[in-house]
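Novice: Spelled out from the first residue to the last, the chains are:
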Amino acid sequence: MTKPFAIAPVRKTLVVNVPQSHAFEVFTSRLDSWWPKGHGIGKTPVKQSFIEPHKGGRWYTTHEDGSAVTVGHMLTWEPPHRIVFSWEIGADWKPDPTVASEVEITFVAESAHTTRVQLEHRNFEALGEVGGERMRGSVDGGWPGLLELYKKKAEALG
Amino acid sequence: MAYGTSFAALADPTRRSVMESLRSGPRAVGEIARGMPVSRPAVSQHLKVLKEAGLVTDRAEGTRRVYYLDPKGLAALRSWLDQFWNQALADFQREAEKSFEGEKSK
Numbered sequence: 001m002t003k004p005f006a007i008a009p010v011r012k013t014l015v016v017n018v019p020q021s022h023a024f025e026v027f028t029s030r031l032d033s034w035w036p037k038g039h040g041i042g043k044t045p046v047k048q049s050f051i052e053p054h055k056g057g058r059w060y061t062t063h064e065d066g067s068a069v070t071v072g073h074m075l076t077w078e079p080p081h082r083i084v085f086s087w088e089i090g091a092d093w094k095p096d097p098t099v100a101s102e103v104e105i106t107f108v109a110e111s112a113h114t115t116r117v118q119l120e121h122r123n124f125e126a127l128g129e130v131g132g133e134r135m136r137g138s139v140d141g142g143w144p145g146l147l148e149l150y151k152k153k154a155e156a157l158g
Numbered sequence: 159m160a161y162g163t164s165f166a167a168l169a170d171p172t173r174r175s176v177m178e179s180l181r182s183g184p185r186a187v188g189e190i191a192r193g194m195p196v197s198r199p200a201v202s203q204h205l206k207v208l209k210e211a212g213l214v215t216d217r218a219e220g221t222r223r224v225y226y227l228d229p230k231g232l233a234a235l236r237s238w239l240d241q242f243w244n245q246a247l248a249d250f251q252r253e254a255e256k257s258f259e260g261e262k263s264k
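The listed protein sequences correspond, in order, to chains A and B. With the working numbering applied, the first sequence corresponds to residues 1 to 158, in that order. With the working numbering applied, the second sequence corresponds to residues 159 to 264, in that order.
These are calculated hints, taken from the structure and not from any lab test. All residues carry an ideal CB built from backbone N, CA and C; glycine is no exception. Hints are not guaranteed to be accurate.
What the hints assert, rightly or not - Computed footprint of chain A on chain B, listed as stretches where at least three residues anywhere in the stretch have a Cβ under 8 Å from a Cβ of chain A: (1) 206 to 215; (2) 250 to 260.
Said to hold, decoys possible - Listed next, the stretches of chain A that the computed footprint assigns to chain B, with coverage defined by at least 3 CB atoms under 8 Å from CB atoms of chain B: (3) 11 to 22; (4) 63 to 74.
With these hints in hand, go ahead and build the complete structure from the sequences.
Specialist: In structure tokens form, the structure reads like this:
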């Protein structure tokens, strides 16, 4: 009778013919060298993409009009094995810090020079949950409640 | 179902709240409106948009009409992200392997 509001995570696996440390470094520190320029969420095309290499660090893009857009924050930072970051993009594909699905990237050394990279993008239900929290937040007086939730989540995941 | 319609429908925070209120099961317009800071006609209008986007659907239950979530709409959003990551990871793989070859030969 009750339909659960659940969406299966997006999962991807690929094997890259490079050592684990190189795979991790290219994914994070050298994000700008590969992140598709058309995959931006700002008003103008992406100029550069960055990941700040530490827990709490931002994933952000700079744009041709001089603006910067935060895509998410590093919730887990375990080089060269794993990162988990929030994906603060609304269903309308616009940045929205109150919406956070979550992406985990795992780098597994299959051999000295091959790495299995696994991606899981999950918690799409957050789009709905946050709608609810936002409504409650506006009754409770707004942001402090939401930020507290975010902090709790961030700490629990850390 | 075009993902663009779902995205546009979910861009509105009130509509996301409507979606949220349907998580626990089918509800009538009045029940949805009760928990929301907007009028019942406004909720009806939002439900209409969500229905057109394929995110909710409705059925008659006795004398009233109840609305419930249609998982197909959100599945469209998910499949769009699925393609999004395919392209991003393909680009990542190409760059990782190319740069590694480049550095090895230095």
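Novice: Work down the list of hints and note, for each, if the structure agrees.
Specialist: Right, here's what the structure says about each hint:
1. 206 to 215: violated (count 0)
2. 250 to 260: With 8 residues in contact (Cβ-Cβ under 8 Å with chain A), the coverage given for the segment 250 to 260 of chain B holds.
3. 11 to 22: holds (count 7)
4. 63 to 74: violated (count 0)
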